[in-house]
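Chains as they are written, first to last, in my numbering: chain Y, 1 to 419; chain R, 1 to 757; chain W, 1 to 443.
None of these hints come from the bench; they were simulated from the model. Misleading hints may appear alongside valid ones.
[To be verified] Label pairs and their calculated CB-CB ranges:
{"id": "1", "chain 1": "Y", "residue 1": "Asn304", "chain 2": "R", "residue 2": "Gly236", "range": "46 to 52 Å"}
{"id": "2", "chain 1": "W", "residue 1": "Asp252", "chain 2": "Y", "residue 2": "Glu368", "range": "54 to 60 Å"}
{"id": "3", "chain 1": "W", "residue 1": "Arg31", "chain 2": "R", "residue 2": "Thr212", "range": "51 to 57 Å"}
{"id": "4", "chain 1": "Y", "residue 1": "Gly238", "chain 2": "R", "residue 2": "Glu559", "range": "19 to 25 Å"}
{"id": "5", "chain 1": "Y", "residue 1": "Leu173", "chain 2": "R", "residue 2": "Asp17", "range": "45 to 51 Å"}
{"id": "6", "chain 1": "R", "residue 1": "Pro130", "chain 2": "Y", "residue 2": "Asn304", "range": "42 to 48 Å"}
{"id": "7", "chain 1": "R", "residue 1": "Glu2", "chain 2": "Y", "residue 2": "Asp177", "range": "48 to 54 Å"}
[What the hints assert, rightly or not] Straight line, CA to CA, 25 Å or less: simulated DSS-like cross-link-like pairs of lysine-lysine:
{"id": "8", "chain 1": "Y", "residue 1": "Lys364", "chain 2": "Y", "residue 2": "Lys53"}
{"id": "9", "chain 1": "Y", "residue 1": "Lys300", "chain 2": "R", "residue 2": "Lys441"}
{"id": "10", "chain 1": "R", "residue 1": "Lys136", "chain 2": "Y", "residue 2": "Lys6"}
{"id": "11", "chain 1": "R", "residue 1": "Lys207", "chain 2": "Y", "residue 2": "Lys6"}
Positions of the beta carbon are idealized from the N, C-alpha and C atoms, including for glycine.
So the chains spell out like this:
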Amino acid sequence: MSGEAKPILVIGGGIAGITAAVEAAEVGYQVILVEKDAFLGGRVMRSYKYFPKMCPPTCGFEINTRRLRRNSRITVHTLATVEQVSGKAGDFKVKIKKRPRYVTGACSLDDSIAEQLTSERPDDLNLGMGTTKALYYPHDMAFPPLHMLDRDALSESDAQTLTKVAPAGAIDLTMTDEEIEVDVGAIIVATGWRPYDATKLDNLGFGQCENVVTNVMMERIADPRGPTGGKIVRPSDGAPAVNVAFVQCAGSRDENHLPYCSAVCCMASLKQARYLREHNEAARATIFYIDIRTIGRLEKFYYNLLADANVAFVKGKVAKITEDPGSKDLILDVEDTIAGHKPEQKFDMVILATGIVPNTVDVKIPFELEYDEYGFIDGATDVEGIYAAGCAKHPCDVSRAAKESTAAALKAIQCVNRG
Amino acid sequence: MEDKIGVFICTGYGIADALDVDALCKVATDEFNVPFCKTVESCEGPGLKSINEDIASEGLNKVVIAGISPRRYPDHAFPEQVMVEPVGLREQVVWCLPAAEEDTQMVAEDYLRMYLTRVKKRQPLEPFQPEETIDKSLLVVGGGIAGLTAAVEAAKAGYEVKLVEKTAVLGGWLAKQHKSIPTRPPYRDLEDTGIDELIAEVDANPKIKVYTSATTGEILGAPGLFDVTLKSAGNGKPEGEVVDQFRIGAIVQATGWRPADPREDLPYGKLDNVIRNVELEEMVKSQGRITRPSDGKEAKSVAFIQCGGCTNKEHHSYCSSICCLTSLKQALYVREQDENSKAYIFYEFMRTPGKYENFYRRAQEDDGIFLTRGDVTEVKPNDNGGLSVTARDTMLGEEIQVNVDLVVLAAGMIPNAADGEAIRALEDAKVTMVEGDSEAKKKDAAETLERLKQHDGTQILNLGYRQGPDLPSLEYGFPDSHFICFPYESRRTGIYPTGAARQPTDGMGSRADATGAALKAIQCVEMTARGEAVHPRAGDKSYPDFFMQRCTKCKRCTEECPFGVLNEDKEGTPLLRATRCRRCGVCMGACPERIVSFKDYSVDIVGSMIKAVNVPDEFEEKPRILVIACENDAFPALDLLGQHRLQSSPWIRTVPVRCLGSVNFVWITEAMSAGYDGVILIGCKYGDDYQCHFVKGSELASVREKNVREKLEQMAMDTERVELHQLQIDEYHKLPGIFEKFAELIDEIGMNPFKGM
Amino acid sequence: MVTAEKTESEQLQLGEQESPQTKPVPSTNGRPVVIDPDLDFIRSLSRQSRESYKKCFQCGTCSATCPISPDTNPFPRKEMAWALWGMRDRLLEDPDVWLCHHCNDCSVRCPRSGRPGDVLAAVRRECVIHYAAPRFLARWVSQPRFVPLLLGLPAVLLGLAIVLRDPIANALGLAAPLGESIVYSYSPWLPHWLINGFFGLFTLFALAAAIVGLVRFIRVIKAPGVWGATGPPTRSFMSSAWTAIKQIFTHDKFTSCTAEHSRPLSHLLVFFGFIALSVVTFWVITGRVNPLLRDAFVYPFSFLSPWKLLANIGGAAVFVGCVMMLRQRLRNRDNAGGSTYFDWAFVWTLFAVVVSGFATEALHYLRMAPHRHVVYFIHLVFVFTLLIYLPYSKFAHLLYRTTAMIYAQYYGRNGATSTAVARDGRVDEESHDQASTSGGALP
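Extracted from the complex, chain Y is given alone in its bound form (with noise of 0.2 Å):
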């Protein structure tokens, strides 16, 4: 049965994709992942710990890439992406596009290597806060376990000194793209969010103010393995952050930016607000809301929350955040809806629950595919096929996507079968 079938395709190396990947693999399916970054692990690689058990993503993500490294029915592309898919279910002829990695693999790195470079590149597993060498692991977790060369990043004189340094065979600077076509019976699409660009929030001082940061960047402040090694402080002056704001809803449920909800920003903010407070016994946080949900199981943490006399919930929405120049502190134009009035509200950093928003809404998919209107592939307008998981077909936190992605396993196997 599984002997004849055609691989199933998954785009995307997120937690989704990895999981449809693996699922569909272990039942006996040959399965071809795309994953357009350097590494597997997607957005949940840049996440501290997950709610509501405050455990780090990296301890699931070992278990998967044992998984990955258990199983021979997967083929990794990183680096790579769908340039061009044809045919229909059951039978698609797909196109890759593989950047080029400049690392053979041929002899694993030693950070010391890279030490020896000047050229510098923007982190963008820390979403640009502070910088890597150009040659870098990605990260502790990495898979496959590969450095990767950053060519544009590349000066002249490092590229030299690369030569000399590294193994023999370990780094080609010759590599170019690659193009691979595959046949497969199925696709999953996986392809995941980013986060809803704060800049266009204009009332809300992100861009303007230096201390006000999105819930993305928060994720990698409060990680040691983040721009401040784990120490939650101010961006203005590196104070410890110890009067905190969490405004809800920073673009989501907004007819003006995303008129949906991004189901998991609740969480994120009470998890946070939980870094915050282990983190410093005496910080304070006030989270402003328009609705706390935490749904099912995790109502019990915003109780949980709701006990520690150093964390208050206001409900209301901020209207708008303005910086006092002198301290660079921030002051939030908010009304407590419940309390009926609208005291001013200072405070030393503010972090805003930017949503969630479909890479599809970016980059589509090359293949006739109906999105809705926010630019997610819902699962209710799945071409025959081709099947959505995760926060490429709706917003959803961790647990979710593990779900759909499982069941997106499904349906494609069935679609190979008859294939």
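Guided by the hints, dock chains R and W onto chain Y, whose structure is given.
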């Protein structure tokens, strides 16, 4: 087959600069008489290719590669029949210890000794194949939206399905609904439930056999070999009569939910016109109109109270996910009825996640739907035969009251999943009450009966498992075990709870959920047929073997196995059901007689590795600390320690274990006897937010650690010599501190007095 | 921040005040407010909104954005809540709605496109009808289908007056002297006394209607539970009026608006242009008896006469202001406001008055008879529509808003209190506690 052992030692990655490679080779060739030892420049890419060529040309079947971490190799990097032990000299020695020092060299040599010992002891794996053929058909329990979906989706993938429903009809709750909340863009309009089409699809599918009015009277066996007896649930036939018996491979439990009782301070059950959302749904479905139960008059105004009301926070310790959506939907029913009818919704938080926000907006737009956050404080009859509802802390900033014909309470969802462990405890207590040999025991049993009485007679699956007839449950009675990363995991292999039986969910969520559960069930039968373990050691072909002659029937293994793998006969002899096994080795750790072994992982193998270390005598002042590390988190953390070039300790010697629960304390006493100065156990976090992939392995280890301390006391040793740490995989930076502190402790209390004895 | 831009007078008040003046919840003797939503009222408000205001989810963005919302009065969120719940009486008796200048900052920021600014405008329309005497006239003015009737009425009346001018003159014992100072006959049909008399009569009627409306309105302001109930007036009526008039003349509330920067300017132009025209008109009406004018009263004024200059500048200001308003409404519908019929009717009437006025003037200078008389007739009909219907049209905001602003000063309603604000930049303890239990009541 005769062992042909080969050793490859990498010189690249700075290994040759930090270590005396020739001395390492001598350990292999002189101490272990390994006939083939070779240094290689690299053990990846072309280097790996040449290693594999040597393996083939030399006919090696056991290989140690001292180079990079085993976490860098895919399984298929080596020929399948060759047993390979990669030793992470780079990560765990060279990168985290000072180069070219005697102590560092000793670490490397010890690791070579340990893994040579291990590889010598390993036996080739033969995947578990029972005598009977693995059955690949599935049993779906529950004929609601989740069960029907699971059945259809599995059948579409080519699998035979038996579907059991205890009522006379299929469709579950959804069949009782008038309309469904929207399931497709733009998520604004009410939809037909579509349940009739789904039922028709099930009925028409030749691969699905449907049993209605039937329950699972008994499920014996194990994945691939479950023997199911269906019994009549009444509805015409004598209840309990056997309906059918058959074998299946895996189970999807889609037993749905039941509505919760509303909070007590609202007059549900006391006033006729106060009903629950489920009752409103049935009313609209059956009579097409919303009326007042008291007098049958048409209800022109209806108040919906969310969370069954919200002044009592304990009442809704979890959120039932769909009550907000349901009330919005039902408010639209009210509005469809009459253009001047009114619907009020009092909520604490309006929860319409994702694109359901569109549905919320749609309901708000309706002229006659009124929503506010508010705590309902009173519902009482008014003069018009209706009810007046009072709420405080509303968005109007004041206490308000509305007069309505009907009050609908959004009662929550309780999963229809029995707690197998509780039922088991209850049954045990019943037996004790009759057969107990002491009053104290009987008193305990009586307390247990009282404490667990709500579980009495709640059996659903009726599994023939020693640990209870249903899945064990976590908080709130949800039967899953790793709901973030691996949402389908339960603690019974091959049984996948789904839909509202696992946690509250909406219809659309249930369909996706059930499709995934069907995949997991299919995956389980396929992997079981290949003799492989399922998640988290997916693909592992080892399985435990019990040397029964030495079994003392102490029952520890049957009690401690997190997955209920072992049954026992009347005398308490463990009966292995190998296809239930997840290969964590907890039984191996539990067994005082050390009768449990895997071909590549046993008390002997690990014990021998520990003893393979050269322990210097106490005058050298070089302590030896045994680190037993869980290979899922702690062992990778040790790799990361090296990757980040943090300093480890030259005194530690690490053995990875499948799970801390598999640690047999004989290793610790043996280590102490062998002269180690202390033992550090590092496992995953346990407790409510446990991270152990085998659910309670590290917790079991913590219990056993106490026993070990007692044992140490008996040996007249300091109990501080054994420490247990919970470590997350990303907390590698804590390791140097742990090692340093422990070394200081050893310094303080002195070296192991048994050293060299 | 509102607090950062407090006017001098407000700061003065802050110093004077001892306790915060908040708009309290209307007293219900400790019993809950019984609500029975008025669906017709909701439908009426909905009809005037482009998108359903009922999508409002009470997030408070509007109150936080509103430059005139005091710190302890969730304005206009509370009004939105009342509108959502169809609380017609509560809204009609809420003088706060008259303090809104419809800058629409709230509407632009509203995440639900609930457009609170437009809802308040719609509520004001309902208020105009509610307070008007007789109410039916206000209902007519607010609905497009009565346009022919409303324009026809002054046309017929004025026509009748013209036809009957001689009998009337005789009856009143008036000759029709042109007067030696009037060098150019305006129109034999439209003698000066007739226009004065005609408009005078109806102005008296309008004035009476306005007074009835205002009395009703002031009674509400002073009613228990509204501003008057919070305590004794904080200052004298005259000084309140003076402050309010200063605010009106400086447009200081208006200029704090950010959504539509040209709006204050257009209103300013129309406002001062209209005042200029009113002054000139008054002068002209009283020309015969006005000692200041008596000698110089040569009609028509020469083009360079200061009066004519003032009138033309005023007319031009109104014209430009109207054009700007119309443009804003047409080009940027989101920021400029709902632009219901009620708004359009008023702006177009104003526009028609000024255009027909200039047309009359032009034809007049060109000596084009009888066109100038016909156009003048039309002009007078529009003037009638504008002035006599004032208590019933959007123009009534002149009355109600001014009154509301005066009384807001009088009762200290505008004194946005800041005692609840902890100046150390932290949420003060009390509100923090309330917030964290999610169960705070009104302070």
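Report task. If any of the earlier hints don't hold here, list their numbers in rising order. Result -> Violated hints: 4, 5, 8, 9; rest satisfied.
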